[in-house]
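**Q** This is what each chain is made of:
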Amino acid sequence: MPSFDSLMESHGVSRRGFMKFCAGVAATLGLSQAMVPKIADAAEQLVIGTTSGVLAPALWLEFASCTGCTESFASATTPDVATVILELISLNYSETLSAGAGWSLEEAMDQTINATKTVRNADGSTSTEPVGYILIIEGALMEGWNDNALVIGGEKSTDLIKKAAKNAVAIICAGDCAVDGGWQAASPNPAGATGVEPYLKKAKAAGQLDYDIPPIINVPCCPANPEHIIAMLVDYLLLNKLPQLNEYNMPSEIFGQTIHDNCPRRGHFENGEFVYEFGSEEESKGYCLYAMGCKGPQTYSNCPLVRWNRKVSWCIEAGAPCIGCAQANPNMADHGWVDLNSPFLNRFKHIGIGNFMFDPTYLAYGVGGLVALALIVHGFGMRAAGRTTGGADFETFRHYDLKHPDHPITDKPLAAEEASHLSADMQDEAIDEELKIAQPQLYDPKAAKKKGAAK
Amino acid sequence: MAHLAHYKQAHPLPFVVTHWINLISMIVLVFTGFYIHYPFFPGFMGIARGAHIFLGCILVINMIVRVVLAFFVKSAPTGGTRETVTDYKTWLPQRDNRHQGIQWIKYYLFFKKTHPLSAKLGVPQKISYLCIPILILIMAFTGCCLWSVTNTIGPFAAFVSWCGGLMVVRIIHYYLMWVFICFILLHVYLANIEGLEPTKLMFLRKEHGGLVYSPEAHDLIGRDDLKKE
Chain B
1044 MPSFDSLMES HGVSRRGFMK FCAGVAATLG LSQAMVPKIA DAAEQLVIGT TSGVLAPALW
1104 LEFASCTGCT ESFASATTPD VATVILELIS LNYSETLSAG AGWSLEEAMD QTINATKTVR
1164 NADGSTSTEP VGYILIIEGA LMEGWNDNAL VIGGEKSTDL IKKAAKNAVA IICAGDCAVD
1224 GGWQAASPNP AGATGVEPYL KKAKAAGQLD YDIPPIINVP CCPANPEHII AMLVDYLLLN
1284 KLPQLNEYNM PSEIFGQTIH DNCPRRGHFE NGEFVYEFGS EEESKGYCLY AMGCKGPQTY
1344 SNCPLVRWNR KVSWCIEAGA PCIGCAQANP NMADHGWVDL NSPFLNRFKH IGIGNFMFDP
1404 TYLAYGVGGL VALALIVHGF GMRAAGRTTG GADFETFRHY DLKHPDHPIT DKPLAAEEAS
1464 HLSADMQDEA IDEELKIAQP QLYDPKAAKK KGAAK
Chain A
16 MAHLAHYKQA HPLPFVVTHW INLISMIVLV FTGFYIHYPF FPGFMGIARG AHIFLGCILV
76 INMIVRVVLA FFVKSAPTGG TRETVTDYKT WLPQRDNRHQ GIQWIKYYLF FKKTHPLSAK
136 LGVPQKISYL CIPILILIMA FTGCCLWSVT NTIGPFAAFV SWCGGLMVVR IIHYYLMWVF
196 ICFILLHVYL ANIEGLEPTK LMFLRKEHGG LVYSPEAHDL IGRDDLKKE
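First to last, the protein sequences are chains B and A.
If you count by our numbering, then the first sequence holds residues 1044 to 1498, one letter each, in order.
If you count by our numbering, then the second sequence holds residues 16 to 244, one letter each, in order.
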């Protein structure tokens, strides 16, 4: 049996590198550094156990996807700790990574799903129960054309997920497409792409599932960050618990702060130093990409800390504005992250009715401009009507008083009495005549109405 | 020269102050809001965000102060009179305004030649002013949903989640700003189109002569040219 260190060395990993990895896992999971030795210990025990013990079985199902998430794991040019950890699991099915293919591989999947083990109960009797497996999903399910939009090995994707989810101990949805349908679910979504959690919840509500949905861990981003997936596997396999999840069933430690919060270009944002055009001097200076439509301020992910491609770089560090791929929302699968953030180089998403989409600012400027224009036109009208120098003359009688002379609002006799108490300079016969207040009896609403009727 | 006399009692000093604060806050908030939406010139983001959040708080506090003062300060119930009542009564339905709402609309659409008699605030005017505190509150709420310091707090986080993301809340906040802009356009236009006297009274407390109105008789009773005795 090879020692743990020699196994690591055979992968080109030093002891120091291994401990750094464990510290990274602890940080990603939000555990204190005091947990690092425990993680290292658990990893050693499990890796050593791989030669003699039972590996945790895992299925990696791929639905509508670009295989980018698999690629994200597999494209490591230098073997590292992550690959060792991945050896903790027995990956019984993966379209891309498995050596087998065709019916034999499909059979391996069925065997994994249906595998049972004998357990001894407290009363001494024995019973069988499923072994269970970790189900990793990449890609979207498709409900279009009576679920025929996506058929794998003769089985509809929706049937496949219902079959595979049954005995899973946990479902890890790796990447946006598995979370909310991703790119495939972008408007107008003719294939009816949707995420795993929204589909299973819908199927459960419709009574199509005869079992409870296993715990779902959504790990968004496009592609899913291998470090995030590894952290979930380590958390589950080594520490034997599910990570703390937020309302979107995403690990809250990973997706708890905005990209903006930890962005290396944040200083430029606060200083008001922005890139307004690609290829400009500002871009070469590494200024903030906010004006280029960066979605960092509204996207919750620890990308700036974990980075991509073995911590080499990530979108903003590479000069590309964040497109908000960590915003996949399983609770709003009919309004996926692509629709929520596109066009990606715009500060706002486009809104619209049906397929008519437009920038929200156009509508605002349109309505605002219309109001301003209407007021200008109205202003000319007011001027033509001679109302701009003090307004029109006041009405002698309220419209209501003319209609209801028996109980008018205006008290003309009282008005006349009050007028007589005014100081001399506030009384004026010409005005009284104009206002019809001096002789209210002559100008009572009843008389005025009769006069109007006679006309 | 048909307007009512403009007396200081229409706009007591505390309300002149709150109106000034409203004016300055709203203009700076709209400007910095546009800037935060898209920084159309460099070097101002820190100041814009600071000013936006500060004046947003000021606007809410000012609105609360204004509403509370309405129960303690006296003001004229109608134009053209020096009589006063507790201010909140001028925000309730008044007899001077009864059945005059449609008349106001007809007047402004040129279907009515004579100026409707009314309380200090005409019917459409009073309704739109009463909407402003509600609008400020909605604005403050959506603003808190967007501000990273507050948007993890229960109700704000729940609203963001219900909307489906900060992007949606941003667009709501942006459109509500345009409601403010349209209100300001209409308000400035209607307050000044028949002469600048109301503005001079509101901002500078400068009185002007005009017709005298009796809140009891609900009618015009004479003219006051503000001649010194």
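Simulated from the structure, these hints should not be mistaken for laboratory data.
Fair warning: this is a prediction, and the values are worked out from it, not measured in the lab.
Even glycine gets a Cβ: it sits at the ideal position worked out from N, Cα and C.
It is possible that part of the hints are untrue.
Stated by the list, open to error - Each pair of labels, with its calculated beta carbon distance range:
#1 B:TYR1408 <-> A:ARG113: 31 to 41 angstroms
#2 B:GLU1324 <-> A:LEU200: 30 to 40 angstroms
#3 B:LEU1285 <-> A:LEU200: 52 to 62 angstroms
#4 A:PHE59 <-> B:SER1057: 47 to 57 angstroms
#5 A:ARG113 <-> B:GLY1299: 52 to 62 angstroms
#6 B:GLY1250 <-> A:PHE59: 53 to 63 angstroms
#7 B:PRO1233 <-> A:HIS202: 24 to 34 angstroms
What the hints assert, rightly or not - A few chain A residues that don't get close to chain B, going by computed Cβ distances all over 12 angstroms:
#8 GLN24
#9 PRO27
#10 VAL31
#11 ILE39
#12 MET60
#13 ALA85
#14 PHE86
#15 TRP106
#16 LEU124
#17 PHE125
#18 ASN166
#19 CYS178
#20 LEU200
#21 GLU209
Stated by the list, open to error - Computed cross-link-like contacts, DSSO-like style, restricted to lysine-lysine with a CA-CA straight-line distance of at most 30 angstroms:
#22 A:LYS128 <-> B:LYS1446
#23 B:LYS1284 <-> B:LYS1160
#24 B:LYS1446 <-> A:LYS215
#25 B:LYS1446 <-> A:LYS121
**Q** For each hint, tell me whether it holds in the structure or not.
**A** Now for the hints, and whether the structure bears them out:
1. The supplied range of 31 to 41 angstroms is met by B:TYR1408 and A:ARG113, whose beta-carbon atoms lie about 39 angstroms from each other.
2. Roughly 39 angstroms separates the CB atoms of B:GLU1324 and A:LEU200, a value that falls within the hinted 30 to 40 angstroms.
3. Separation of B:LEU1285 from A:LEU200 is about 55 angstroms and conforms to the stated range, judged on CB atoms against 52 to 62 angstroms.
4. Between A:PHE59 and B:SER1057, the C-beta spacing of about 50 angstroms keeps the proposed range 47 to 57 angstroms intact.
5. Checked against the given bound of 52 to 62 angstroms, the beta carbons of A:ARG113 and B:GLY1299, roughly 57 angstroms apart, stay inside it.
6. Between B:GLY1250 and A:PHE59 the beta carbons are some 58 angstroms apart, a value that agrees with the proposed interval 53 to 63 angstroms.
7. With their beta carbons about 48 angstroms apart, B:PRO1233 and A:HIS202 fall outside the hinted range of 24 to 34 angstroms.
8. Here A:GLN24 stays apart from chain B, with its beta-carbon at least about 16 angstroms from theirs, past the 12 angstroms limit.
9. Consistency note on A:PRO27: stated as away from chain B, and its beta-carbon is indeed over 12 angstroms from all of that chain's, at 23 angstroms minimum.
10. Once the 12 angstroms rule is applied to beta carbons, A:VAL31 is consistent with being away from chain B; the minimum gap is 23 angstroms.
11. Non-interface call for A:ILE39 relative to chain B: holds, since the shortest CB-CB distance, roughly 21 angstroms, exceeds 12 angstroms.
12. For A:MET60, the shortest C-beta to C-beta distance to chain B comes to about 4 angstroms, within the 12 angstroms cut-off, and the non-interface label is violated.
13. With a closest Cβ-Cβ approach of about 25 angstroms to chain B, A:ALA85 is found to remain outside the 12 angstroms limit, as its non-interface label requires.
14. Under the 12 angstroms C-beta cut-off, the non-interface status given to A:PHE86 relative to chain B holds; the minimum distance is some 27 angstroms.
15. At the 12 angstroms boundary, the C-beta of A:TRP106 stays outside the reach of chain B, the nearest C-beta of that chain being 19 angstroms off.
16. With a closest Cβ-Cβ approach of about 9 angstroms to chain B, A:LEU124 is found to fall inside the 12 angstroms limit, against its non-interface label.
17. With a cut of 12 angstroms on Cβ distances, A:PHE125 falls inside the contact zone with chain B, its closest approach being about 6 angstroms.
18. With a cut of 12 angstroms on Cβ distances, A:ASN166 falls inside the contact zone with chain B, its closest approach being about 10 angstroms.
19. Not every beta carbon of chain B lies more than 12 angstroms from that of A:CYS178, the smallest distance being close to 9 angstroms; the non-interface claim is violated.
20. Under the 12 angstroms C-beta cut-off, the non-interface status given to A:LEU200 relative to chain B is violated; the minimum distance is some 6 angstroms.
21. For A:GLU209, the shortest C-beta to C-beta distance to chain B comes to about 4 angstroms, within the 12 angstroms cut-off, and the non-interface label is violated.
22. In summary, the hint linking A:LYS128 to B:LYS1446 is supported, as the alpha carbons are separated by about 18 angstroms, within the 30 angstroms threshold.
23. For the hint linking B:LYS1284 to B:LYS1160, the alpha-carbon distance of about 21 angstroms falls within 30 angstroms, and the restraint holds.
24. Distance hint between B:LYS1446 and A:LYS215 is unfulfilled; the C-alpha atoms sit about 37 angstroms from each other, more than 30 angstroms.
25. For the hint linking B:LYS1446 to A:LYS121, the alpha-carbon distance of about 17 angstroms falls within 30 angstroms, and the restraint holds.
Going through the hint list in order, the structure does not satisfy hints 7, 12, 16, 17, 18, 19, 20, 21 and 24.
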